[in-house]
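Quick note, the sequences are listed as chains A and B, same order.
First residue of the first sequence: 79, per this note's numbering; consecutive thereafter.
First residue of the second sequence: -18, per this note's numbering; consecutive thereafter.
I should point out that these hints are in silico values taken from the structure, not numbers from a laboratory.
Hints are supplied without guarantee of correctness; some may be wrong.
Only pairs whose alpha carbons sit at most 30 Å apart, straight line, appear in this in silico DSSO-like list of lysine-lysine [stated by the list, open to error]:
{"#": "1", "chain 1": "A", "residue 1": "K185", "chain 2": "B", "residue 2": "K49"}
{"#": "2", "chain 1": "B", "residue 1": "K97", "chain 2": "A", "residue 2": "K95"}
{"#": "3", "chain 1": "B", "residue 1": "K49", "chain 2": "B", "residue 2": "K249"}
{"#": "4", "chain 1": "A", "residue 1": "K136", "chain 2": "B", "residue 2": "K97"}
{"#": "5", "chain 1": "B", "residue 1": "K58", "chain 2": "B", "residue 2": "K249"}
{"#": "6", "chain 1": "A", "residue 1": "K185", "chain 2": "B", "residue 2": "K249"}
{"#": "7", "chain 1": "A", "residue 1": "K95", "chain 2": "B", "residue 2": "K49"}
None of the values given here were measured: they were computed from a predicted structure.
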Amino acid sequence: MAQAATPKKKIEEVPEKLHVWPYLVRLEFLCALVVIISLTVWSIVIDAPLEEAANPTKTPNPSKAPWYFLGLQDILVYFDPWFAGVVAPVLIIVGLMLIPYLDVNPKGNGYYTYHERKVAIWVYCFGFLVLWIALIIMGVFLRGPGWNLFMPWQYWDPHKVVALVSVDLPYAFGIRDYLWSAIFGGGVLLAYFGIGTGAYFFLERKALKSVGFLRMFIKIQLALIMIGIVIKIVLRIGFNIKYIMVTPWISV
Amino acid sequence: MANKAPQIPSIAELMDKIKSGKIFSEIAKEITESQLWTSTFRHGYADTPRNRVLQIASNVWLHLHPVKMHRHALRIKFTWCMGGITFLLFLSTVVTGVILMFYYRPVGEYAYYDLKYLQYDVPFGMLMRNMHRWAAHAMVITVWLHMFRVFLTGSYKPPREFNWVIGVFLVTFTLLLSFTGYLLPWDQLAMWAVTVGTNMARATPFLGNEGPFAEFVGVTPRYDARSLLIGGSLVGPPALLRFYVLHCIFIPLIAGALMIVHFWRIRKDGGISGPL
Chain A
79 MAQAATPKKK IEEVPEKLHV WPYLVRLEFL CALVVIISLT VWSIVIDAPL
129 EEAANPTKTP NPSKAPWYFL GLQDILVYFD PWFAGVVAPV LIIVGLMLIP
179 YLDVNPKGNG YYTYHERKVA IWVYCFGFLV LWIALIIMGV FLRGPGWNLF
229 MPWQYWDPHK VVALVSVDLP YAFGIRDYLW SAIFGGGVLL AYFGIGTGAY
279 FFLERKALKS VGFLRMFIKI QLALIMIGIV IKIVLRIGFN IKYIMVTPWI
329 SV
Chain B
-18 MANKAPQIPS IAELMDKIKS GKIFSEIAKE ITESQLWTST FRHGYADTPR
32 NRVLQIASNV WLHLHPVKMH RHALRIKFTW CMGGITFLLF LSTVVTGVIL
82 MFYYRPVGEY AYYDLKYLQY DVPFGMLMRN MHRWAAHAMV ITVWLHMFRV
132 FLTGSYKPPR EFNWVIGVFL VTFTLLLSFT GYLLPWDQLA MWAVTVGTNM
182 ARATPFLGNE GPFAEFVGVT PRYDARSLLI GGSLVGPPAL LRFYVLHCIF
232 IPLIAGALMI VHFWRIRKDG GISGPL
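Chain A extracted, bound-state conformation (with noise of 0.2 Å):
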């Protein structure tokens, strides 16, 4: 027994490595049974919702996604389904993809730190905090009927009419002309994107050697894309501006 005794207290005294047997393969039992009996308690004491039988002839109001795409279902409010649906999911999927590739920061390899990489804990923080959790809350709690916003005190009404009175922003500035309505639209959205892209590389001009032009030129498209959505819901919510260009294909 002392013999045994001995090399568990050299182990203890190293800094650096442990064994794996016993002390992560204890500690992850624990995690087990801790996971296991709350599943086991949470499902003797809540029931799986069972409504009544599919019935196709009868939609429900509001129809809602299953909770964890209801931020994106929110983004159809903003943007046609082409975007909010297809689009911007596989943004997403990609975006995070290449995370790894775009920042080359070669600090906080392993290590909580905000201080330095900043920027990166801003970016995903906004995207996964704002545009996806509170958009997720958001969709689960506040939309109604008709998807309409309701307040977590206010009745569902199914007869809530809100007037639409979103115009494009063509419109807005007085082009009523189908084609120049067009080339506004587009303009200003080749304005953002090139303005946007041209003063990301006017500041960071010194980064270009080290970053390189493609990884500079990714990661801002995806930034421009991000704030763009949350500039069409500002837009939106306090301009009523419903598309920014309109063209028999696609509109934005």
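Mind docking chain B on chain A? Use the hints.
Below, chain B without anything else, positioned relative to chain A:
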């Protein structure tokens, strides 16, 4: 004769052994030195450094771990345990899901009533369904938190870039697993949530009948990205069957394969990340 008949100890001798506690070590020795025992367990249990290593290295379930690790990686403050919990919840859904499959038929006429039967007549049926559903929802949350933790600790940085990419695939497949399972109860909640979700596919540029530039491709409501997904122009029995197969076979297989790569790469990329 080489074989001596076993000596029967006298009562006094036996009492002596019991009183001194020697009998336990003798029985233990008898068991652990038997062929049955030594063929099953490949090393002793005494707490020696050698056995601590063998406990991990010679066990098929534990050998995914390294035999030694950095002290900092044990801190719950560092990992939040979220990756492991996600995997545990996945295993829970596999176990409960297989049990549910014994009672469930993915057929328009039966599915909903199989659920009623499961809930009211099958012993522990309701509990199995609850555990399956809540574990699935919890898994969505824990996988997001795991991703958040990995981002905050910068653990996607070299040499772990590729494992982050695998991780993004796994997040996506977690959501798809949950989404395909959402339809299976075949109630109003399921049908309309999946209708809302899959309606998006019809807006796919070029490939959806209401998407931009669809007129140049010639897709129709019966022949586009959405109809491929749900096997028709609305969420009906063919969609139920498709989602069932995707949910129970296709996505779990792909996600399982990716999990193997994900865990293997943690080891190959130098173990769990930490300050260098």
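TODO: Compare the distance between the alpha carbons of K185 of chain A and K49 of chain B with 30 Å, and conclude whether the hinted pair is satisfied.
DONE: With Cα atoms ~26 Å apart, K185 of chain A and K49 of chain B stay inside 30 Å; holds.
- [ ] Quickly compare the C-alpha distance for K49 of chain B and K249 of chain B to 30 Å and report which way the hint goes.
- [x] holds (14 Å)
Open item on the list: So if I understand the rule, the pair passes when the alpha-carbon distance is 30 Å or less; does K97 of chain B with K95 of chain A pass?
Closed with: Given that 30 Å is the threshold and the Cα spacing comes to 54 Å, the pair is violated.
Open item on the list: For K95 of chain A and K49 of chain B, compute the direct alpha-carbon distance and say whether it is at most 30 Å.
Closed with: holds (6 Å)
- [ ] Take the C-alpha atoms of K58 of chain B and K249 of chain B, compute the straight-line distance between them, and say whether it is at most 30 Å.
- [x] holds (24 Å)
TODO: Verify the proposed pairing of K185 of chain A with K249 of chain B, using a straight-line Cα cut of 30 Å.
DONE: holds (21 Å)
Open item on the list: Please verify whether K136 of chain A and K97 of chain B have alpha carbons no more than 30 Å apart.
Closed with: Cα-Cα ~21 Å, so holds.
Consistency note: the structure conflicts with earlier hint 2 alone.
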